[in-house]
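Modelling step: build the complete structure from the supplied sequences, incorporating the hints.
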Amino acid sequence: MICFDNVSFKYSKEQECLKNINLTVNDGDVILVCGPSGCGKSTLVRCVNGLIPHFYQGELTGKVTVNGTDISQTTLRKISRHVGTVFQNPRSQFFNVDTTSELAFGCENFGLSPDDIEQRINKTVNRHDLESLMGRSIFKLSGGEKQKIACASIAVEPVDVIILDEPSANLDYKGICELQKMLKAWIEERKTILIAEHRISYLLPFITGSVLMNSGEIVKEYSAEEFRSLSEEELHNLGLRAEMVQDPAEINDCTGEDSDKKDKLILTDMKYSYQKEPPVFDIPKMEIPEGEIVGIVGANGAGKSTFLRCLCGMERKCKADPKVKYESWNNKARRRKIYMVMQDVNHQLFTDSVLEEVMISQESENKEEALKILESLDLKEFAGKHPLALSGGQKQRVAVASAIASGRDIILFDEPTSGLDYYHMNQVADILKELKQMGKTVIIVTHDVELIKNACTYIIRFDEYSRS
Amino acid sequence: MEYRLDRNVHSLLDPRTKLLLLLTSSIFVVGNAGEKQMYVFYWILVFLPVVLLFAEKEWKAGLIAIVIYIGSYYAQMALQHDLTAVESALALMLYIITKILPTVILARYIVKTTKVSEFLTAMNRLRFSDKFTIPISVIFRFFPTVVEESRAINDAMRMRGIEMGAKKASEAVEYRMIPLIASCSIIGEELSAAAMTRGLDVGKNRSCIWIIKFRIPDYLVITLCFACFVWWIIGRFFV
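Chains as they are written, first to last, in my numbering: chain A, 1 to 468; chain B, 1001 to 1239.
Hints may be right or wrong, so weigh each one.
[To be verified] The calculated DSS-like cross-link candidates involving lysine-lysine, where the alpha carbons are at most 27 Å apart (straight line), are:
1. B:K1060 to A:K140
2. A:K453 to A:K395
3. A:K19 to A:K220
4. B:K1057 to B:K1112
5. A:K191 to A:K181
6. A:K276 to B:K1213
7. A:K436 to A:K337
8. A:K184 to A:K123
9. A:K140 to B:K1057
10. A:K285 to A:K337
11. A:K317 to B:K1131
12. A:K19 to A:K123
13. A:K78 to B:K1131
14. A:K140 to A:K19
15. A:K184 to A:K10
16. B:K1057 to A:K276
17. A:K276 to B:K1112
18. B:K1204 to A:K78
19. A:K395 to A:K436
20. B:K1112 to A:K140
21. B:K1057 to A:K317
22. A:K140 to A:K181
23. A:K285 to A:K10
24. A:K264 to A:K317
25. A:K367 to A:K436
26. A:K323 to A:K367
27. A:K264 to A:K337
28. A:K433 to A:K380
29. A:K395 to A:K372
30. A:K184 to A:K220
It is worth saying that the hints were derived from the structure and are not from the lab.
As the structure is a prediction and not an experimental result, all values here were calculated from the model.
See below:
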């Protein structure tokens, strides 16, 4: 049983992230903690796994107990025997390099006997069908596979409370289905589960209750029935994503009205393969209409992200010369004419102010022009700030500002909305529409069904070009 | 087919042997201790890392290493007398390569083939405190992370036209370091948080699923390392 008794918390000096939280989660409950970004849901679950106050320091008042033990009076190591956590970012939650060791890691730390651990691993691997993932380097796994290993390594441990902190943020349709299977198994084992999340539809069949948070407070507690009966509009008003779990391949076409008349970017004979393996994708001919927001959809591992990298000329091995208005562009030309906003925008911000970040992308530096671009993206007030001090959404807008400043006509986005709540997803959709207004061609690789419905004016199905 | 964990998966050498070999190689190859007297041992230590690469079936890396080594060795031998300033700088560089390359290959081999958990257990058996070994063990995890991150950053730079020989070439290095440090420190913090929620802590007994023991190759390498030290001491103090 998890018990919050009048808990408030603030990270040093900031405003309170949790205010007077009172909550009881009974054994075997599956509780969804939801709310828009920054509502405090991640902070709340950190109080249960002990990262607050043992790792993230701050001012904690009130009392959190798990099975009667006061979290702040014990150690992280003791808490970890009862509480297991799956984090949002699969890139940074593994301590080991090989998957098998990662599965064993928690039990090894508890000092369980090797024979016992061996049996636990065998049981988990067979139950969840993980054999093909064993003994591999985590650096060679896809995002979905990593999250599966993260869940499995908690499943190996003898914990009775499981915390999931936005586990679906980096998952596509197939990854979410795998996550659902894992949840089902945990529920059969009567684990107590607490999930912080704003994508909710995939969780609806499992929950026994839900807690809605906003600015650090619990706004409302729902029973499972009440919560399931909320309409799409009501969910959106609460800042939540309402999208149904849907295979992106089943989305209906939403071709722009007069895309036939437009100029087209024509790709012919474009393929890519790793070393001697068969090609990841093979495109005999693909036509991309200019001036549209083009969504590229397809199953997990279909090579969509690799396609974007090839398209903007980053993969040297990809020898394609797409024709644009009868002009052929080689890799180098494409690196000059196409701009990509990466999934992890941290990789593409490197100067010490937002303004400089934009100016460096211009052909010739022009401060007025740069400020105008910043203004159009509501970034003017941040012009002097360090890009890495901004929030995730602001960073992404800075990357878009650089793309506009570069004057390039084709802008690619790799998963621009992963991990975003409804409000921020809409904000991204608005930016995409604005780019279209400017006459840019926008090409997005995404598994976000709501974004596709909201913004895309043309859909390209990638599966037919893909090996898998 | 039912999956069964094989706990006896291991690389050719035990982590303890690897570290002893690294120490020996640093002293006698990089440090050149004993000089002429160590002639035979020197050459064994120079080529042993390549043998280890071959044992891991890294044929290509092994062959490249041999070519680079022999190439710089002979080039450096050829550049011995009457050198211009540029030539002597080149000779010095080649000499440094021949000195450190074998040890660098060995270090890379160790990082690539040692499991974190294996390392922690092996060091614990040598009575090293885990206050010391846990931070070091993160290296195994962090090397590939840094490589992965710098690749992504490099791509971003090329796309924005900031590369060697293009605009802003002078800032290119600085621009690369900022995002690299930023993202590595974020990953580092998240990594420690995740490891602690899984019970990693100092001063506690931890078990290990991997079977860690000295095997025949270990005894051979350990004998070699001790022979190096004994031969060196004999030469220094008794002859």
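Hints, one by one, checked against the model:
Only pairs whose Cα atoms come within 27 Å are accepted, and K1060 of chain B paired with K140 of chain A is accepted, the gap being roughly 20 Å. Between K453 of chain A and K395 of chain A, the direct Cα distance comes to roughly 24 Å. Compliance with the 27 Å bound is thereby established for this hinted pair. Distance restraint check for K19 of chain A and K220 of chain A: the Cα-Cα separation of roughly 14 Å lies within the 27 Å cut-off, and the hinted pair is therefore satisfied. Straight-line distance between C-alpha atoms of K1057 of chain B and K1112 of chain B comes to about 13 Å, which keeps the hinted pair within the 27 Å bound.
With a C-alpha separation of about 14 Å, the suggested pairing of K191 of chain A with K181 of chain A holds against the 27 Å cut-off. A threshold of 27 Å between alpha carbons decides the hint, and for K276 of chain A with K1213 of chain B the separation of about 38 Å lies outside it, so the pair is violated. A threshold of 27 Å between alpha carbons decides the hint, and for K436 of chain A with K337 of chain A the separation of about 17 Å falls inside it, so the pair holds. For the hint linking K184 of chain A to K123 of chain A, the alpha-carbon distance of about 16 Å falls within 27 Å, and the restraint holds.
Proposed proximity of K140 of chain A and K1057 of chain B is supported: the alpha carbons are some 18 Å apart, at most 27 Å. Our distance criterion of 27 Å between C-alpha atoms is met by K285 of chain A and K337 of chain A, whose separation comes to about 21 Å. Distance restraint check for K317 of chain A and K1131 of chain B: the Cα-Cα separation of roughly 45 Å exceeds the 27 Å cut-off, and the hinted pair is therefore not satisfied. Our distance criterion of 27 Å between C-alpha atoms is broken by K19 of chain A and K123 of chain A, whose separation comes to about 42 Å.
Distance restraint check for K78 of chain A and K1131 of chain B: the Cα-Cα separation of roughly 19 Å lies within the 27 Å cut-off, and the hinted pair is therefore satisfied. Taking the CA atoms of K140 of chain A and K19 of chain A, the gap is about 42 Å. The hint is violated against a cut of 27 Å. With a C-alpha separation of about 34 Å, the suggested pairing of K184 of chain A with K10 of chain A is violated against the 27 Å cut-off. The hinted pair formed by K1057 of chain B and K276 of chain A meets the criterion: a straight-line CA distance of about 18 Å does not exceed 27 Å.
For the hint pairing K276 of chain A with K1112 of chain B, the CA-to-CA distance comes to about 23 Å; that is within 27 Å, so the pair holds. Taking the CA atoms of K1204 of chain B and K78 of chain A, the gap is near 11 Å; set against the 27 Å cutoff, the hint holds. For the hint pairing K395 of chain A with K436 of chain A, the CA-to-CA distance comes to about 20 Å; that is within 27 Å, so the pair holds. The straight-line distance between the Cα atoms of K1112 of chain B and K140 of chain A is roughly 14 Å, inside the 27 Å bound, and the hint therefore holds.
Restraint check: the Cα-Cα separation between K1057 of chain B and K317 of chain A comes to about 25 Å, which is no more than 27 Å; the hinted pair holds. Restraint check for K140 of chain A and K181 of chain A: satisfied, since their Cα atoms lie roughly 23 Å apart, inside the 27 Å limit. The straight-line distance between the Cα atoms of K285 of chain A and K10 of chain A is roughly 56 Å, outside the 27 Å bound, and the hint therefore fails. Taken as a hint, the K264 of chain A and K317 of chain A pair is honoured in the structure, with Cα atoms around 24 Å apart against an allowance of 27 Å.
For the proposed pair K367 of chain A and K436 of chain A, the alpha carbon gap of about 24 Å is at most 27 Å, so the pair holds. Straight-line distance between C-alpha atoms of K323 of chain A and K367 of chain A comes to about 34 Å, which puts the hinted pair past the 27 Å bound. Our distance criterion of 27 Å between C-alpha atoms is met by K264 of chain A and K337 of chain A, whose separation comes to about 15 Å. For the proposed pair K433 of chain A and K380 of chain A, the alpha carbon gap of about 20 Å is at most 27 Å, so the pair holds.
Straight-line distance between C-alpha atoms of K395 of chain A and K372 of chain A comes to about 17 Å, which keeps the hinted pair within the 27 Å bound. Proximity of K184 of chain A to K220 of chain A is assessed by CA-CA distance (about 26 Å); at most 27 Å being required, the pair is judged to hold.
Violation of the numbered hints given earlier is confined to hints 6, 11, 12, 14, 15, 23, 26; the remaining hints are satisfied by the structure.
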